[in-house]
Structures are given as structure tokens and as C-alpha cells.
Amino acid sequence: MKTSKRIPFFLIVRHVRHSNKGTLALIVFLMAIAFINLLFINSLFSGVVESNESQLINTKTGNVMITPAKGADFINNPAAVVKAVDKVPGVQASAAETLLPGSIEFGGTRGNFDVTAIDPTTQEKATTVSQKMTAGSYLKPGDTNGIILGDTIAGKKENDTDFAPNGIKVGDTVNVITDSTSHPFVVRGVFKTKFNGTDDRAFVTNAALNKIAPALQGKATDVVVRADHRGNEDKLVDEMKAAGVPGTLRTWQQLAGSVREITSSFVTINALMTVVGFFIAAVTIFIIIYVDVTHRRQEVGILRAIGVRSPLVVMTYVLQAAVYSFLGVAMGTVLYFAIIFPYFKAFPFKIPIGDVSLSIIPWDYLFRAFTVVAVGMLSGLIPALIGTRRPILDDILNR
Amino acid sequence: MAGEILPGPDDVILVDDIHKTYHLGEVSVKALRGLSLTVKKSDFLIITGRNGSGKSTLMHQLGLLDSPDDGHIYLSGKEVTGMKEKDRSEIRLRDLGYIFQEFALIDELTALENVMLPTMMIEKTEVCREKAREMLAQVGLQEQATHLPSQLSGGEQQKVAIARSLMNEPDVLFADEPTANLDLESAQDVLLVFNRLNREEKHTIVMVTHEHEETIYGNRIITLSDGKIIYEENHV
Chain H
51 MKTSKRIPFF LIVRHVRHSN KGTLALIVFL MAIAFINLLF INSLFSGVVE SNESQLINTK
111 TGNVMITPAK GADFINNPAA VVKAVDKVPG VQASAAETLL PGSIEFGGTR GNFDVTAIDP
171 TTQEKATTVS QKMTAGSYLK PGDTNGIILG DTIAGKKEND TDFAPNGIKV GDTVNVITDS
231 TSHPFVVRGV FKTKFNGTDD RAFVTNAALN KIAPALQGKA TDVVVRADHR GNEDKLVDEM
291 KAAGVPGTLR TWQQLAGSVR EITSSFVTIN ALMTVVGFFI AAVTIFIIIY VDVTHRRQEV
351 GILRAIGVRS PLVVMTYVLQ AAVYSFLGVA MGTVLYFAII FPYFKAFPFK IPIGDVSLSI
411 IPWDYLFRAF TVVAVGMLSG LIPALIGTRR PILDDILNR
Chain L
71 MAGEILPGPD DVILVDDIHK TYHLGEVSVK ALRGLSLTVK KSDFLIITGR NGSGKSTLMH
131 QLGLLDSPDD GHIYLSGKEV TGMKEKDRSE IRLRDLGYIF QEFALIDELT ALENVMLPTM
191 MIEKTEVCRE KAREMLAQVG LQEQATHLPS QLSGGEQQKV AIARSLMNEP DVLFADEPTA
251 NLDLESAQDV LLVFNRLNRE EKHTIVMVTH EHEETIYGNR IITLSDGKII YEENHV
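Taken in sequence, the protein lines are chains H and L. Taking our numbering, the leading residue of the first sequence gets 51, the next gets one more, and so forth. Taking our numbering, the leading residue of the second sequence gets 71, the next gets one more, and so forth.
Since the hints were made in silico from the structure, they are not lab data. Incorrect hints may have been included.
Straight-line Cα separation of at most 20 Å, DMTMM-like style, residue types lysine to aspartate or glutamate; simulated pairs [said to hold, decoys possible]:
1) H/K55 to L/D157
2) L/K154 to H/D444
3) L/K298 to L/D87
In silico contact screen, one side only, chain H against chain L (beta carbon under 8 Å); selected entries [what the hints assert, rightly or not]:
4) R56
5) F60
6) H65
7) T159
8) R160
9) H345
10) E349
11) I442
Predicted, not measured: the structure shown is a model, and the values here were computed from it. For glycine and all other residues, C-beta sits at the position ideal for the given N, C-alpha and C.
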């Protein structure tokens with residue numbers, strides 16, 4: 051390193067080592083808070099989007115959904131399709147579903163809700179509905195007169211008089227009406243995923259389907275495919291096609307529909323809040339660093355008076371601001387990932403669309419960390435430049 | 071350039087007809103009014119005068135901390151008036167040592183580190199550290215090398231400032247009322263350091279003082295009034 055370039059580093063180390071520890075801690079803490087504020091807003095909205103998308107995948111569409119080929123009404127021999135899909139690398143599980151258009155009647159009130167026939171064993175692996183039971187139990191294979199209902203169908207809702215005004219309980223009998231024929235089913239359980247597209251569903255077993263609609267035996271309306279991780283859906287579709295899986299293959303993104311609209315709204319709100327958050331963080335950091343560097347005005351004068359060139363003086367305070375910002379980011383990272391993130395993982399926000407914990411994308415974290423350091427450096431640059439352009443005596447004599 | 075005076079071979083400083091006016095709102099204060107002087111190598115020039123006579127203003131011009139409105143200043147044969155800040159900075163670093171009334175030490179650096187600082191622009195750290203130890207020893211502060219300014223007395227702080235000013239072996243030392251903030255004993259200590267530097271090591275020193283009794287250390291004394299030299303005296 052060129053000899054003169056060591057001066058800024060020499061001074062920064064001494065500033066950190068010998069400056070008032072309380073003041074230094076306060077500066078770093080305030081920087082950390084500004085950084086956490088940037089992370090938190092983004093993580094919260096990312097969490098909402100993530101929660102909404104996960105629920106769609108986990109409880110309804112899977113990562114990929116196979117529907118009948120163009121022009122066909124059903125997927126024939128779904129068991130063979132499931133077997134073929136399960137062999138494709140990257141597939142965690144798959145389950146065939148048969149949608150039975152109809153309605154459900156209880157206590158003289160009737161609502162149009164589709165009933166889906168499933169194999170509980172494969173469905174349990176492909177979706178998380180079985181983990182969301184709020185009452186009773188999940189379906190057992192071979193159950194020919196049991197049904198599980200989503201919370202929207204079974205639950206008692208304030209000001210909701212369209213259906214089940216008094217709620218449906220486990221053990222109650224509901225009538226499933228298809229083709230004008232009523233079939234009684236005993237409610238085995240009630241599930242609540244907090245995802246509207248799932249909570250208005252009802253499930254029966256394939257064995258029950260055979261009883262009430264024998265013509266649909268060996269036919270499915272869709273196959274839900276769960277991947278072992280998110281993000282490789284397009285590749286998975288290609289591999290399934292290459293493996294000869296029949297039907298129309300679509301990723302969850304293509305099926306998202308209204309979920310996509312909700313998430314894109316949150317993405318927009320997130321972008322707006324991020325801009326506001328950046329502005330607030332920038333102003334906060336600027337004030338903290340500006341005050342600190344301005345406080346060192348006499349020092350700027352002394353350095354110039356003994357012959358330290360102005361660019362080196364400026365570099366000293368810019369690097370010092372970078373060090374403070376970096377320490378703030380480090381402290382913020384520790385506080386965020388050691389306390390805040392695990393806390394909201396354990397105690398998520400309970401909002402109508404689901405339980406939302408925080409989620410942060412690595413790139414978002416890096417961008418925010420970089421922004422804090424960059425704003426900090428800019429905040430050091432401006433007062434240092436002003437200081438080195440003032441008459442030396444004004445700096446030394448603080449006038 | 072007709073009529074302009076040029077420095078002779080022994081002239082460390084040549085000041086030729088400098089003027090400086092400060093503008094304080096609508097009021098203009100003429101601090102220096104056509105002042106000229108010469109300082110020879112190994113001179114110990116004492117500048118004295120009443121408050122507002124222009125002593126400190128003159129020191130600031132000589133120390134390149136400020137620029138005159140008119141006139142010429144030569145330091146070690148180079149004209150410094152009109153120089154770019156970068157070049158002035160280089161001269162402050164290599165050719166001048168400046169000692170302020172308020173010590174002007176950096177609070178977060180130890181005595182040794184404060185002294186090292188100017189030479190760090192030029193030499194490797196270890197060389198600076200060794201040289202700084204020598205300088206502190208010269209002013210009798212080797213034991214206080216690791217002390218922060220806040221842990222030193224006023225006299226000790228001023229000695230640290232003197233040690234710092236000597237680090238780059240300057241052609242001339244400027245001391246702007248160096249004893250003004252010191253008690254009598256500390257002031258005496260500091261003056262003895264200057265006296266030794268001038269007598270034994272032949273350093274050229276320009277010192278501003280208010281105290282008449284301090285003029286005995288100089289070989290030349292000038293008295294300013296209203297921005298002009300009104301009296302000059304040479305001691306043998």
C-alpha cells in the first residue's frame with residue numbers, strides 16, 4: 051500500500067479503539083436499527099407472498115398439476131400416471147384427484163361445493179391438508195361414507211348466512227347431491243388451511259366415489275405433483291414430458307390465478323414500502339454519520355494543517371462511515387437472524403390469508419446491506435468534502 | 071515584476087508587502103497593511119504586539135493556513151503565494167512545523183501516534199514509530215508515549231505538538247502563542263525546548279507571544295501594530 055494511503059486506516063482503527071465506547075455503540079445500534087427496519091418490511095411482505103404461494107402449492111395445486119389432455123375430460127388409469135410421475139427425478143409425491151361437481155346440504159341449507167375424491171394415502175404425501183385438521187380426523191382408505199369438510203363449508207361464520215349458519219360438527223351427516231341424487235356422508239373431520247381455494251373443498255375417498263358415481267371409477271380430473279423443492283417446476287415439467295407422462299402439465303404459477311393477483315398486489319405494496327423504508331433509512335443514516343463527521347471538524351483542520359492532503363482526509367471519514375455502517379449491518383444481521391426471525395417463525399402473524407412468518411431472499415438482504423453501507427459512505431463523504439473546502443483555520447478554531 | 075524583492079540564499083522566509091483584510095459582514099478589518107520581513111536560517115524571531123495587531127494573521131499566512139490578499143511570501147526560496155492547495159499541503163507537510171496555542175492534537179491518538187502522523191505520509195510505519203520515540207525523548211516525554219492527550223497536562227500536550235512539528239525536519243517552526251494556555255512552569259519548560267532547538271540544533275523558529283519576558287529567547291524581535299511592523303530589535 052502506498053505509504054500515504056495508510057493514514058485513513060491508521061486513523062480509523064484508532065477512532066474505533068479510543069473513541070467513546072457508548073457513542074460508538076449508539077451509532078452502530080442506530081445503524082443496525084435502520085438496517086433491520088429495511089429488512090423487516092421486506093421480509094414481512096415476502097412472508098405474506100411466500101405464505102400465500104406455499105398454501106396454494108401445499109394444499110391445492112402442488113408444484114405441478116396434471117390435467118386431462120386437450121379434448122379429454124379425464125385422465126385414464128390415474129394410478130399408472132401417479133406411478134410414472136413418482137419415478138421422475140425431483141418428484142417428492144403425487145396424488146390423483148377426481149372432482150365431482152355437486153352440492154352439499156345440511157340442516158335444510160344447501161351450498162354449491164365440489165367434492166373431490168382422493169386416495170388418502172397418496173394425498174397425505176402430496177398435500178398438507180391432513181396436517182390442518184381442526185376437528186375429527188383425516189380420511190382413511192376404504193371409508194365409503196366419510197367426508198372431511200373445509201372450514202368455509204363447516205365453520206360457523208359471523209354474518210355468514212349463506213351456508214351452515216350453525217356450523218357442522220364432526221359426526222354430523224351431510225348430504226352430497228350429485229346428478230339430483232342425495233348421498234348421506236358422515237363428517238369425519240374439519241380442516242382449516244386458511245387458504246380460501248382449499249377451505250371451500252370437501253374430500254371423500256375413491257371408495258366412496260365408486261359407490262356414488264361408479265362411472266368415474268379409474269378416472270381422475272387431475273394429478274397433484276409435489277416437487278422436492280420449489281423453483282425447478284419448469285424443469286420438472288420438461289422431465290415429466292420426456293418421461294411420457296400424459297395430459298396437460300402446468301406449473302403452480304400458471305394455475306395461480308387470483309393468488310397471483312393477491313401476491314402481485316403485495317409485491318407492489320412491498321416495492322412502495324421499500325422505497326419509503328430506504329428513504330427513512332437513508333435520512334437516519336445520513337444524520338447519524340453527518341453529525342459524527344461534523345463533530346470531528348477540528349480534527350479535519352488539524353490533519354490538513356500538518357500536511358495530510360484533502361483527498362486522504364476525505365477518504366478517512368468515508369471509510370470510517372463505511373466501518374460504522376458495516377458494523378451496523380453486522381449487528382442488525384445478528385439481531386435479525388438470532389432474535390427477530392426465529393421469534394416470528396415460532397409466533398407467526400395470524401392474518402386472514404394464513405399464518406405469516408418472515409421471509410428474506412438472499413439478494414434482498416445483500417442489496418439492503420449494500421445500500422446501508424453506500425448511504426453511510428455518502429453521508430461521510432458530504433461533510434468531509436465540505437470540511438476540506440473550508441479555510442483550515444475555520445475548522446481548527448471551530449468558527 | 072519591477073520592484074519585487076527576491077529571497078537571498080540565507081533567507082528561509084521572505085515576506086514582501088503583504089496585505090490581508092477580513093470582511094465581517096459590512097465591516098472590513100485590515101489585519102496586515104503592506105508588511106515585509108525576512109527570516110534568516112537559524113533565526114529565532116519573536117513577533118509581539120497587542121491584541122488585534124496582526125500577529126496571528128501574519129503567522130497564519132506564513133504557516134500557509136491562510137492566503138494574503140496581496141503581496142508575496144517565499145519559503146525556502148519558493149514563492150508560496152498563489153500556489154495550489156495540493157502544493158501548499160506538501161509544503162506544510164515537509165517544510166513547515168506549526169505549533170498551535172490550543173495544541174491541536176487528535177484526541178483519539180496517543181502521544182506517540184500524534185507525533186507519528188505527519189511522517190506516515192512519507193515513511194513506513196516502523197520508521198515513523200522509531201522517529202516519533204526519538205522526538206518524544208527530545209522533549210522529555212518518552213514515558214508518556216502511550217498516553218492519550220486527555221491524560222497529559224497542558225505543558226506535556228504542547229511538547230507533544232512540538233515533537234510532532236519536528237518529525238519531518240522542517241525548515242522553519244512556527245509557534246503561535248505556544249505558552250498562552252500553560253501555567254508558568256509548563257510555559258518555561260516549553261520555551262526551554264524552543265531555546266534548545268534553536269541554539270543547539272539550529273532550528274529556525276518564528277514565535278508569536280504576548281508575554282514580554284518571553285522575548286529574551288529570540289535573537290530578533292518585531293513588534294506589530296495595526297498590521298505593520300512598528301519596532302524591530304536584534305539581540306546578539
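Among the hints numbered above, which are violated by the structure, and what are their numbers in rising order?
7, 8, 9
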